[in-house]
Amino acid sequence: MSQKESKLEFALRKLQSLSGFLPLCVFLMFHLVANAVIMISPGYYYKFINTMATIPGLIVIELVIIFLPLILHGCMGLYIVLTGRNNPRRYPYFRNWAFLLQRISGVVIFAFLIYHVLTIKYGSDHSAATMILSLNAQFNTTWSAIFYVIALICVSFHVCNGLWGFAINWGILVGMRAQKVFGYVCIVLFIILLIFWLFVMMNFLGLSDGVLKDLFILQINGF
Amino acid sequence: MSTITLKIKRQDGPNSPSYWEEFALPYKENLNVISLLQMIALNPVNAKGEKVTPVVYESNCLEEVCGACSMVINGRARQACSALVDQLSQPITLEPLNKFPIVRDLLVDRSALFKALTKVKAWVDIDGIYDMGFGPKDYEANQAIRYDFSRCMTCGCCAQSCPNYTLNGDFIGPAAVGQALLFNLHPTGSQLRGDRYEALMAPGGLFECGNSQNCVRTCPKEIPLTSALAKMKQKVTWYAIKSIFVK
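Line by line, the protein sequences are chains A and B.
According to this note's numbering, the residues represented by the first sequence are 1 to 223, in order.
According to this note's numbering, the residues represented by the second sequence are 224 to 470, in order.
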């Protein structure tokens, strides 16, 4: 080979693309399904969360599967946002808007995750009761409920549009027809995902007074 | 409509500030933007009636095959020679391509595009220290794919519309990736495919592309640039994975 240039940026960009799908996209699906357990019953969900907390080496799994990829994906993503020059007003095509929205949603998610992780995961104590109660309280407060809905729209969009980009970046979608068709598939996925998330949110929002009272008793007893 | 209103973003030199100047030209049928610029060159008087310097621009073939007269016309990058006045809304605005260093008025230095072609070795290496004779035969189906990419005239419209291509950035742009694929598909040119994959992995390479797909929409030659980008992403990704184990 004639030129020997640094492959670091190439590697970082590939890792950024990869981490978006594996593990982050897969984790998000798990996060959605795990939280959808509340649709069965709040009591069952409470037990489920407590069981999850007993997984051995959970902190290592969280670090390797969630935190490190998130930091890599987020920081590299912000770098990509800053190096681009968006122009959808001059070139108002669907894909160009999606390109800009991918960046806007990414920045919104970055801010949201800091809020979400700090308030829910590291809110006060680590009990499942506190977590459910604080989510319920956040969804019943107008400004944070709006923030959550915006974040859910952004997350659903970012994941579905990101999946489309991932499929191109890794050579799965090559032809222009295939790219177009999968683009439509991703729009359908976006709608399904968003509705599913909003349903889960509604279940946290609409917990009955009896359930909230039980959770409060559990919380003060340190469960 | 008896006059044509033309607004041109002008700049007296590479580091001078830019300014807008309006021109009012007599209407004639079947004019293109180049003929408007020729009319200004003949009688360089602006809409206020002041005598000004003629507008500097570049043009050559006048049939949309050389790419020299690329400029931003009514907000879109395209060739001035194939921009017909009767099809444009007025006032017609002309701006230089702002992804390249401006030399003067509408004249820009597009040498970054040609440097990108040398980076990806967009050529066929023939003969070495001795005559190697005929190259391998090619199939018609392969030639048909190559034909689409061979129409590229390095005009810069794809780069101008690309949100990832910037004046000071090092992204090589969509056209060079299309040319890398063109020469990889050539039976003799494919000898250098490893070098081309390496070049596309270097800083400013292929993965600066963020799939906004503006390039394929603005390419005046309708080259399937997005499928070239995707094909090369596939090839380079596999090449990189293979390199981990083979090298």
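Keep in mind that the hints were calculated from the coordinates and are not lab data.
The reader is advised that the hints may include incorrect statements.
[To be verified] Derived pair list, reagent style DSS-like, types lysine-lysine, alpha-carbon separation capped at 25 Å:
no. : chain 1 : residue 1 : chain 2 : residue 2
1   : B       : K230      : B       : K274
2   : B       : K230      : B       : K271
3   : B       : K444      : B       : K465
4   : B       : K360      : B       : K338
5   : B       : K338      : B       : K444
6   : A       : K14       : B       : K444
7   : B       : K458      : A       : K14
8   : A       : K213      : A       : K14
9   : B       : K470      : A       : K7
10  : A       : K180      : A       : K121
11  : B       : K271      : A       : K7
12  : A       : K180      : B       : K274
13  : B       : K470      : B       : K444
14  : A       : K180      : A       : K47
15  : B       : K232      : B       : K271
16  : B       : K338      : B       : K271
17  : B       : K360      : B       : K458
18  : B       : K230      : A       : K14
19  : A       : K7        : B       : K230
20  : B       : K360      : A       : K7
21  : B       : K232      : B       : K251
22  : B       : K470      : B       : K458
23  : A       : K213      : A       : K121
24  : B       : K230      : B       : K338
25  : A       : K180      : B       : K458
[Unchecked claim] With the C-beta cut set under 8 Å, the calculated list includes, among others, these residues of chain A facing chain B:
no. : residue
26  : E9
27  : I80
28  : Y122
29  : I168
30  : L173
31  : F216
[What the hints assert, rightly or not] Residues on chain B that point at chain A, a partial pick, calculated with CB under 10 Å:
no. : residue
32  : G272
33  : M455
34  : V459
35  : A463
We put the CB at the ideal spot given by N, CA and C, even for glycine.
Here's how the hints hold up against the structure:
For the hint pairing K230/B with K274/B, the CA-to-CA distance comes to about 16 Å; that is within 25 Å, so the pair holds. Simply put, K230/B and K271/B have alpha-carbon atoms about 12 Å apart, close enough for the 25 Å limit, and the pair holds. Distance check on the hinted pair: K444/B and K465/B sit about 35 Å apart at the alpha-carbon level, beyond 25 Å; violated. This hinted pair does not check out: K360/B and K338/B have alpha carbons roughly 30 Å apart, beyond 25 Å.
Taking the CA atoms of K338/B and K444/B, the gap is near 21 Å; set against the 25 Å cutoff, the hint holds. Between K14/A and K444/B the alpha-carbon distance is near 31 Å, which puts this suggested pair outside the 25 Å criterion. Proximity of K458/B to K14/A is assessed by CA-CA distance (about 14 Å); at most 25 Å being required, the pair is judged to hold. Pair hint K213/A plus K14/A does not hold up; C-alpha atoms about 49 Å apart against a cutoff of 25 Å.
The suggested pairing of K470/B with K7/A holds, with an alpha-carbon distance near 14 Å, which does not exceed 25 Å. Restraint check for K180/A and K121/A: not satisfied, since their Cα atoms lie roughly 39 Å apart, outside the 25 Å limit. For the hint pairing K271/B with K7/A, the CA-to-CA distance comes to about 56 Å; that exceeds 25 Å, so the pair is violated. As the CA atoms of K180/A and K274/B are separated by approximately 52 Å, the hinted pair breaks the 25 Å bound.
Between K470/B and K444/B the alpha-carbon distance is near 39 Å, which puts this suggested pair outside the 25 Å criterion. This hinted pair does not check out: K180/A and K47/A have alpha carbons roughly 44 Å apart, beyond 25 Å. Straight-line distance between C-alpha atoms of K232/B and K271/B comes to about 16 Å, which keeps the hinted pair within the 25 Å bound. A C-alpha spacing of about 42 Å is found between K338/B and K271/B, which places the hinted pair above 25 Å, so the restraint is violated.
Proximity of K360/B to K458/B is assessed by CA-CA distance (about 23 Å); at most 25 Å being required, the pair is judged to hold. Restraint check: the Cα-Cα separation between K230/B and K14/A comes to about 44 Å, which exceeds 25 Å; the hinted pair is violated. Taken as a hint, the K7/A and K230/B pair is broken in the structure, with Cα atoms around 45 Å apart against an allowance of 25 Å. For a cut-off of 25 Å, the pair hint linking K360/B to K7/A is broken: about 35 Å separates their Cα positions.
For the proposed pair K232/B and K251/B, the alpha carbon gap of about 23 Å is at most 25 Å, so the pair holds. Straight-line distance between C-alpha atoms of K470/B and K458/B comes to about 17 Å, which keeps the hinted pair within the 25 Å bound. Between K213/A and K121/A, the direct Cα distance comes to roughly 21 Å. Compliance with the 25 Å bound is thereby established for this hinted pair. For a cut-off of 25 Å, the pair hint linking K230/B to K338/B is broken: about 32 Å separates their Cα positions.
A threshold of 25 Å between alpha carbons decides the hint, and for K180/A with K458/B the separation of about 21 Å falls inside it, so the pair holds. Against a cut-off of 8 Å between C-beta atoms, the interface hint on E9/A holds, since the closest Cβ of chain B lies about 5 Å away. For I80/A, the interface hint holds, the least distance from its beta-carbon to any beta-carbon of chain B being 7 Å, beneath 8 Å. Taken as an interface hint, Y122/A does not check out: its beta carbon lies about 33 Å from the nearest beta carbon of chain B, beyond 8 Å.
For the restraint placing I168/A at the interface with chain B, the shortest Cβ-Cβ distance is roughly 5 Å, inside the 8 Å limit, so the hint holds. At about 6 Å, the closest approach between the beta carbon of L173/A and any beta carbon in chain B falls short of 8 Å, and the interface hint on this residue holds. The closest approach between the C-beta of F216/A and any C-beta of chain B is roughly 48 Å, which is over the 8 Å cut-off, so the hint fails. With a least beta-carbon distance of about 32 Å to chain A, the hint placing G272/B at the interface is violated under the 10 Å criterion.
Hint status for M455/B relative to chain A: holds, with the closest Cβ pair at about 9 Å, below 10 Å. For the restraint placing V459/B at the interface with chain A, the shortest Cβ-Cβ distance is roughly 8 Å, inside the 10 Å limit, so the hint holds. Interface hint at A463/B: satisfied, since its Cβ lies 7 Å from the closest Cβ of chain A, which is below the 10 Å cut-off.
Of the hints listed earlier, those the structure fails to meet are numbers 3, 4, 6, 8, 10, 11, 12, 13, 14, 16, 18, 19, 20, 24, 28, 31 and 32, in rising order.
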